[in-house]
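Taken in sequence, the protein lines are chains A and B. Letter by letter, the first sequence follows residues 1 to 187 of my numbering. Letter by letter, the second sequence follows residues 1001 to 1254 of my numbering.
Since the hints were derived computationally from the structure, they do not count as laboratory data. No residue lacks a Cβ here, since even glycine has one placed at the ideal position from N, Cα and C.
No farther apart than 27 Å at their CA atoms in a straight line, the calculated lysine-lysine pairs in the BS3-like style are these: (1) A:K86 / B:K1108; (2) A:K133 / B:K1108; (3) A:K86 / A:K125.
Far from chain A by the CB rule (all over 10 Å, computed), these chain B residues: (4) H1022; (5) R1025; (6) S1049; (7) M1050; (8) E1052; (9) L1069; (10) Q1148; (11) A1190; (12) N1192; (13) S1194; (14) D1198; (15) G1206; (16) R1225; (17) F1243.
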Amino acid sequence: MKELLEAYLFVAAEPVTAADIAKSLSYHPDDVTAVLEELVCDYIARDGGLQIVRLAGGYQMATREEHAEDIARLLDPPGKAHRLSKPAMETLAIVAYRQPVTLAELESVRGVASDGVLRTLLDKKMIFEHSRKQVPGRPILYATTPDFLHYFGLNSLENLPALDIDIADAESEAVHEIEVAAGLLEA
Amino acid sequence: MTVALPHLNLPDFEGPLDLLLHLVREHKVDIADIPIVLITDQYLSYLASMEERNLTLAGEFFVMAATLLEIKSRMLLPAPPKDAEGEEEGVDPRDEIAQKLLEYEQFKSLVPIMQELELERSRLFFRAESSFGTAYELPIEYGSVSAQSLLTALARVLDRADTGEHQVTSVRRHRLTLRLAMHSLLTRVAENGSEGLDFEQALSEGSPTHLDIVMLFLALLELLRQAMVRVEQEAVFAPILIFALTKSGGSLSE
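Please construct the entire structure, taking both the sequences and the accompanying hints into account.
As structure tokens, this is what we get:
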């Protein structure tokens, strides 16, 4: 199975999950995970140009950090170099820790109109319309996507840096819900 | 009273909270114990200087100014007489703004951390999308027709339409409604029965105009949606055949 999974990782353009592989090939998910983890170690031991990283809840083959500059130089035109703006980052941070969150809640934290930034984040597929809040007006609730995790090199929302105040605690249940939703999205 | 203006750049401030946070930090004071008079004055002179430079300020900045002024005036008022010592002291009018500032600061402090994560991740490169798969336009499964192949067929017909010469003797308003188109398409499909109606042929009968074709195409999509017909295509580029679907043996007419 190891050779097969290595080959799959090679062709896959997105993180692959043990659950998906297990389902397609009728293996036990734990077995698949074990082999994927083995592959991660193999690649480290081999010390070659590639590594297998745990990203957005799955596994993906990637180049090694040491080669970043040269790979960027070789890729012509270079991959998208532009980064998220500060306001976008700030807004994304609030969505990430408070999700699912409405525009109004977001603006109340930032103290400034945020619809434009939100639009940008939606366009970049960092966030998505998760559901509607069950209050008058049924405002849209936004949550982060698997792309968000991928963009920041996170495996799950639990990898987000901890907040110093206990905001995170109250939200952890909601976070779990989102992860389930994010997993569904990825399928 | 003149207050020295801190050196400020407008673009650096995301909003009133950002500016306020900057002022508070500048004075190295505790957020929970903001010197409201000083901060309010600085905040206002900042707004004034922005106006002098003809910079438009978002409304939120003025809302914050009003809030600060309100807090300031409430702090200047004598405190309500306290009951017994140790009893509730009344809420500090600065509490709400302090709470907001703390909350905002927390998220603001995440920005550099997230930028670091972003930078780290950007040092990884992955296989690019579509180095296989979609690039080849894999053949569609036999018997099923994708929206794309319907569209290709439509494009072929549209290419041929309106090319022949028509002798115009009189100009009449030609009315073709979707309902009409659906009906005529359905009738023709029913006529052809089990042989099926060739989609392209159906669209080229007579000398159809663009409008006729578009209407027939819409009619087909609508009939498909209502599950009154089904379409089949035996192979790629083979004619697309339309068959009538009789719903629970019901008749096709209306």
